[in-house]
Structures are given as structure tokens and as C-alpha cells.
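2 protein chains.
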Amino acid sequence: MVPSSESPNNTELLERFREGQRTALARAISLVENTRPGFEDVLHAIHSDLGRATRVGITGPPGAGKSTLTTELANRFRARDERVGIVAVDPSSPFTGGALLGDRIRMNSLSTDPGIFIRSMATRGSLGGLATTSQEVADLLDAFGFDRVILETVGVGQSELDIAEGADTTVVVLVPESGDSIQAMKAGLMEVADVFVINKADRPGADRLARELEVMLHMRLGETQPAAAGHHGVSLRSVGRAARNRAQEAADESGGWAIPVLKSVANTGEGLDELVQTLDRHAVYLEVSGELSQRRHRRFIERTRAAVDRELKRLAWKVGSGEEILADALPELESGRESPYSVAARIVRELGVRPEANEGR
Amino acid sequence: MVPSSESPNNTELLERFREGQRTALARAISLVENTRPGFEDVLHAIHSDLGRATRVGITGPPGAGKSTLTTELANRFRARDERVGIVAVDPSSPFTGGALLGDRIRMNSLSTDPGIFIRSMATRGSLGGLATTSQEVADLLDAFGFDRVILETVGVGQSELDIAEGADTTVVVLVPESGDSIQAMKAGLMEVADVFVINKADRPGADRLARELEVMLHMRLGETQPAAAGHHGVSLRSVGRAARNRAQEAADESGGWAIPVLKSVANTGEGLDELVQTLDRHAVYLEVSGELSQRRHRRFIERTRAAVDRELKRLAWKVGSGEEILADALPELESGRESPYSVAARIVRELGVRPEANEGR
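Protein sequence lines, in the order shown, are assigned to chains A and B. Numbering-wise (the numbering used here), the first sequence opens with residue 554 and increments by one. Numbering-wise (the numbering used here), the second sequence opens with residue 554 and increments by one.
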């Protein structure tokens with residue numbers, strides 16, 4: 554936890570990391586993913602290299618085709634010569650092995666490309682811990698020099714909120730059948746999405762779902778969405794000056810980003826070009842509106858909080874005598890002579906925290 | 554956090570709680586849900602009254618009909634004169650207001666019954682915190698004297714793992730359409746489910762999904778499931794001695810609980826009686842196998858951990874100078890002169906934790 558004293562081991566790792574050696578990146582990721590000793594030294598050391606990558610979060614229910622969409626997006630970014638890093642936090646992802654054969658073959662075509670780096674993360678352990686660590690893995694990819702970092706995560710709900718906070722742009726992927734439960738999910742979806750994509754849109758129900766989503770988006774704004782019309786059919790070849798101006802106008806008009814609802818068939822590539830254009834447009838919006846630096850700030854704050862909480866847990870349970878006290882107390886917890894709260898109070902007391910000392914300052 | 558010094562306020566609240574006043578229960582729940590000062594005193598005080606209620610978790614994707622199923626289950630428990638407490642942690646739940654009208658009317662019929670208590674919980678804030686607090690709300694319902702506590706939670710994934718840990722029996726509700734994504738979800742589902750229910754089983758695909766689930770359950774066991782055949786068509790009117798023996802036999806034979814796959818149409822009540830019988834059977838299994846007391850132990854441990862972590866966070870961010878240090882450090886984080894990890898180290902240092910003192914003991 555003391556970033557000033559890098560171990561010789563990590564110094565060498567960092568050197569090779571900065572030289573752009575993929576094996577060093579892989580080792581750094583393992584270090585962070587498993588929160589092995591010294592992992593925070595590495596994250597500390599690379600902090601000043603952050604902020605170059607554009608981070609895109611892809612989330613949605615299992616079976617929505619997120620991995621195919623991720624692959625197709627990656628291909629399109631590669632075609633523009635962007636280097637793409639992918640973090641998949643998804644038990645259903647082909648990246649993590651829970652895949653259908655076809656998907657896995659599609660992925661493999663990516664993994665031979667030196668401009669692509671794919672890392673899947675297991676979903677074991679506490680979700681909070683996982684979400685944080687996956688963000689820090691994204692930091693590594695950013696610092697390593699990838700232009701684009703894609704975070705693929707399963708589900709739509711509270712867990713995705715955390716993950717969405719780490720992305721610059723969050724794409725929520727649905728399928729026509731999601732219509733059934735859309736009413737249900739609306740609060741969570743609205744908070745997370747910068748862009749909606751209805752994938753597998755060749756199936757029945759896609760148009761209906763698109764309309765439902767648009768109605769919900771209107772309702773959220775409380776009135777008509779001035780920029781909504783302009784968002785469909787905009788065709789940008791690259792993020793040039795015109796696009797910048799247009800995004801500026803859109804932001805000015807609506808006072809924010811009007812969340813577009815796109816349709817795609819990721820298997821055939823249909824709608825993918827429009828998605829890429831939308832992502833470009835959102836990137837411009839983030840910059841001109843000042844939201845990008847706000848999101849960066851929020852990210853720094855979240856990282857710091859997570860690091861503090863992680864270290865306090867370590868002190869209580871690994872360094873301190875928390876485990877021992879708890880094990881000894883089990884009979885009393887069972888009999889009702891103690892409660893989890895009286896045992897917890899003892900563990901915290903034993904830890905010797907002196908908050909009063911700080912209060913007095 | 555010091556459970557020995559109950560405030561006079563809480564003493565009166567606890568008195569009325571123990572007299573069985575519903576307004577006191579409601580106030581205690583609000584206290585816990587919002588983690589207001591003194592909430593742990595209340596939880597400490599009721600700890601010795603825990604363990605009488607049977608806790609059933611109902612989880613599954615949005616739109617699976619969990620709320621209808623919960624309502625129908627509650628009606629059946631009421632018919633046997635059990636008192637039922639419901640905690641709904643679900644943005645899609647009619648209990649929390651995201652409802653279709655029909656569902657809401659159905660719920661309302663419950664809420665006029667004095668033998669039923671329904672509490673919905675918002676899904677704001679960190680998931681970890683929420684999952685813990687919802688468990689502690691379930692503790693309150695248990696201590697208050699409900700025979701049955703139902704925890705309804707949305708989604709199937711890592712977040713549900715936490716919540717499932719708090720239930721004695723976890724029911725995973727799917728719909729025939731879930732088949733598409735079942736392959737994807739299997740790891741998570743298998744870990745969570747004690748019972749599968751395919752709801753809306755009058756729609757096409759129910760039998761296919763049931764077969765798929767059963768194949769997956771077989772694969773998990775690595776061989777044939779000896780007790781599986783016996784689990785279908787068992788008809789118990791009540792949990793009597795015969796049932797107890799049968800569950801004992803089932804546990805002995807299979808060395809565990811063979812997860813049944815049931816079908817239901819909650820709207821019409823079809824399959825609900827079988828679900829109730831299965832829950833009874835699982836309750837007996839938990840007791841005779843010793844798993845019930847193991848689950849209780851795990852719950853005590855989790856509560857203690859959560860209380861310690863919560864208190865350490867409070868000390869760092871509310872009592873200590875964490876917020877102040879972090880706010881002051883933002884320019885340095887931005888410029889790259891500091892990292893979240895060096896700032897976190899400072900915050901922990903300022904907190905005055907003395908883990909070395911404990912290590913030496």
C-alpha cells in the first residue's frame with residue numbers, strides 16, 4: 554500500500570510495461586486482478602499515463618449478443634487503426650469461456666491481431682471488489698497505450714451502475730424480447746445508458762421496443778427532446794470539425810445528451826457503422842460539454858475510496874485479529890450472548906483506530 | 554456502534570417492537586434501511602430472537618413473474634395460518650411501485666391482511682450495502698415473529714449470490730423465453746438455486762427449458778442424480794414425520810439436495826401447491842442435514858464482516874478526515890503528481906490504525 558517503495562520486481566515489470574511488452578501488460582493485469590502484494594504500487598506508477606483511451610462500456614442481459622457486438626466494434630476500430638483493449642466481466646462471455654462455439658471462433662480471429670488485447674475476468678468474489686478491479690485493469694490498458702478500451706459486462710441493474718461509472722460511454726444492449734421486462738428495468742437502464750442498441754433487430758418486436766424506449770426517454774426529460782430527431786440518420790465519416798460543431802449544437806440545444814436508440818444485427822454487421830458514429834459523436838459531446846473531465850474526476854474519487862476501503866478491510870481481516878475474534882465468538886453468536894454488532898465493535902476496537910484524534914484537528 | 558448504550562429512544566422502540574406493534578416494526582425497518590444512528594443497537598438487541606422464521610429467496614430476471622409468485626406463495630402460507638413478512642429488493646416489483654396495474658391490485662389484497670407485512674426497498678446506493686441491509690431487514694421480520702420471510706430480488710448474477718446467502722431456500726424463477734440465455738447464466742444459476750421454477754409455463758418452450766436445466770443439473774453432479782426421480786410427484790400435505798423421513802432418505806441417498814425443476818403459471822395458481830410442498834421438503838432437508846445451522850453460522854459471519862466494514866468506512870469518511878483529504882488532493886490527482894493510491898495511503902495513515910499492535914499480540 555506504500556507506493557513510494559516499489560519492489561525491484563515491480564520496477565522491472567514497469568520498465569517492460571513502458572516499453573510496450575505485452576507479457577508485462579499481462580503480468581501487471583494478473584497482479585491487479587488478484588490484488589497481489591505491490592499491485593497498488595503498479596497502479597500508482599502508471600497513474601500519470603492515464604486518460605488517453607476512450608472507454609466504452611457494453612452492458613445488457615445475457616443472450617443479448619454483447620460479445621458479438623464487442624467483436625464487431627473492435628473490428629471497426631481496428632479498421633481505423635485504433636488499438637483496442639477489451640475487458641470482459643461476464644460469465645456468459647465467450648472471452649470467459651462460457652461461449653457458444655461460433656462466438657469463440659469469431660473471438661479467436663481477434664486474438665491473433667497484435668493491435669488487440671483481450672482479458673476476461675472471473676465473476677467470483679464480491680461484486681464490488683470485482684467491479685473496482687476491472688476498472689483498474691482498464692486503467693492498465695489505458696496506460697499501456699490502447700486508444701480504445703471496451704468493458705463488456707453482463708446484466709442491467711445496480712451492479713452495472715458501478716461499472717458504467719468507469720466508462721466514458723455506456724452502451725446498453727437489448728433484444729426485441731426484452732420488451733417484456735423493459736417497464737421493469739427502466740429506472741436502472743435510464744441511469745446507465747448513454748446509447749441504447751436493440752440487437753437482433755431482425756426479430757419481431759424491435760420497432761415496438763424502440764418506440765417504448767423513446768417514449769420512456771421523452772418522459773424522463775419531462776418534455777419533448779429537441780435533439781432527438783437530429784440524432785437519427787446523422788452520418789459522420791470521422792470526428793472532424795463539422796461533427797464537433799454539430800455535437801456542440803446538440804449539447805447546447807438540449808442542455809445535454811439525447812440518448813439515441815439504435816438497432817443492429819451484430820451477426821451480419823447491420824447497424825454497426827451507425828453505432829461507431831454514435832460513439833464518436835458521444836466522445837465529442839463529452840469533451841465539449843466538460844463531462845469527460847467530470848467523469849475522470851469521479852473515477853479518481855472512486856479509485857481512492859475503493860483503495861481506502863480495501864486497505865481497511867485488509868488491516869481488519871488479514872493483518873489484524875478480526876478472523877480470530879470472529880471464530881472465537883461463534884458459540885456466543887449461536888447462543889445469543891453476543892451479536893454480530895457487539896463482535897464487530899470489538900474487532901474495530903482491537904484495530905486501534907483513533908478517529909477522535911482526527912476529529913480534533 | 555456501541556450496542557451497550559441503547560439510547561432511550563430505541564429502548565422505547567424495542568419495547569413496542571417486542572409487544573408486536575407494527576408501527577414499531579416499520580420504524581425499526583426504516584432505521585435499519587437508512588442506517589440511521591442507533592440502528593445497530595436495535596439489531597444487537599433483537600439478535601437473540603432470531604432463527605424462528607424460514608427464509609425463502611425468490612430471484613430471477615425482470616418479467617419472470619416473481620411478484621405474482623411471491624403473492625401466491627404468501628396466500629398459501631397464510632392459508633396454513635403462517636405469518637408472512639415480505640422484503641422486495643427489486644425495481645421491477647409492484648411492491649416498489651414499478652408495477653403493472655393488475656399486479657398492484659393483487660398485492661393490495663395482501664396488504665390489508667394483518668398476518669402479512671410487506672416492505673419494499675429502493676435499489677439506490679451500493680449494491681453490497683443494499684444486500685446487507687435487506688438481510689438485516691429480514692432479521693427484523695424474523696425477530697418480530699413472522700413464520701416465513703420472503704425476500705424477492707431481481708436478477709440472476711453475482712449480486713444474487715449475496716442475497717441467496719441470506720435465504721434458507723432460494724427459488725430461481727425463469728420463463729420459457731429464458732432458454733435463450735440459460736447457457737449463459739448457468740454458472741450463476743447453479744450456485745444460487747435450491748429450486749428452479751419455470752413460470753408462465755403455458756407458453757411454448759417450457760418443457761424444453763426444463764429438460765435443458767435438468768441436463769445441466771446432471772452435468773454438475775458429474776453423474777446421474779439418484780434422488781431426482783423421487784422429487785417429482787411427491788405430494789406432502791404437511792411437513793409431518795413421514796416427510797421428515799423421506800427427506801432424510803433423499804439426503805442420505807444423494808448426499809445432498811437434488812435441485813428440482815418445477816413449472817408454474819403463477820397467474821392461475823397452477824403449480825403453486827407443488828412449490829409449497831417442495832419448500833417444505835427443502836426446509837426438512839436443511840434441518841436433518843445440518844445445513845440450516847451452517848447457513849445460520851454463515852449469516853452471523855457475514856453480518857459481522859459487514860458491520861466491521863461499514864464501521865471502518867464510517868470512521869474513514871464520516872468521522873475521519875477522508876473526504877477533506879480527498880477533496881484537497883483532486884488537483885494533484887488531475888496533474889498526475891498524486892495517484893488514488895498515494896492519497897488512499899495518506900487517508901488510512903491519518904486514521905491512526907495500528908495493525909502492528911495487533912500483529913504483535
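It is worth saying that the hints were derived from the structure and are not from the lab. One should not assume that every hint holds.
Claimed, not checked - List time: in silico DSSO-like cross-link candidates among lysine-lysine, alpha-carbon distance up to 27 Å: (1) A:K866 <-> B:K816; (2) B:K871 <-> A:K866; (3) A:K871 <-> B:K816; (4) B:K866 <-> A:K871.
Comparing the hints with the structure gives:
no.: 1; hint: A:K866 <-> B:K816; result: 43 Å, violated
no.: 2; hint: B:K871 <-> A:K866; result: 17 Å, holds
no.: 3; hint: A:K871 <-> B:K816; result: 46 Å, violated
no.: 4; hint: B:K866 <-> A:K871; result: 17 Å, holds
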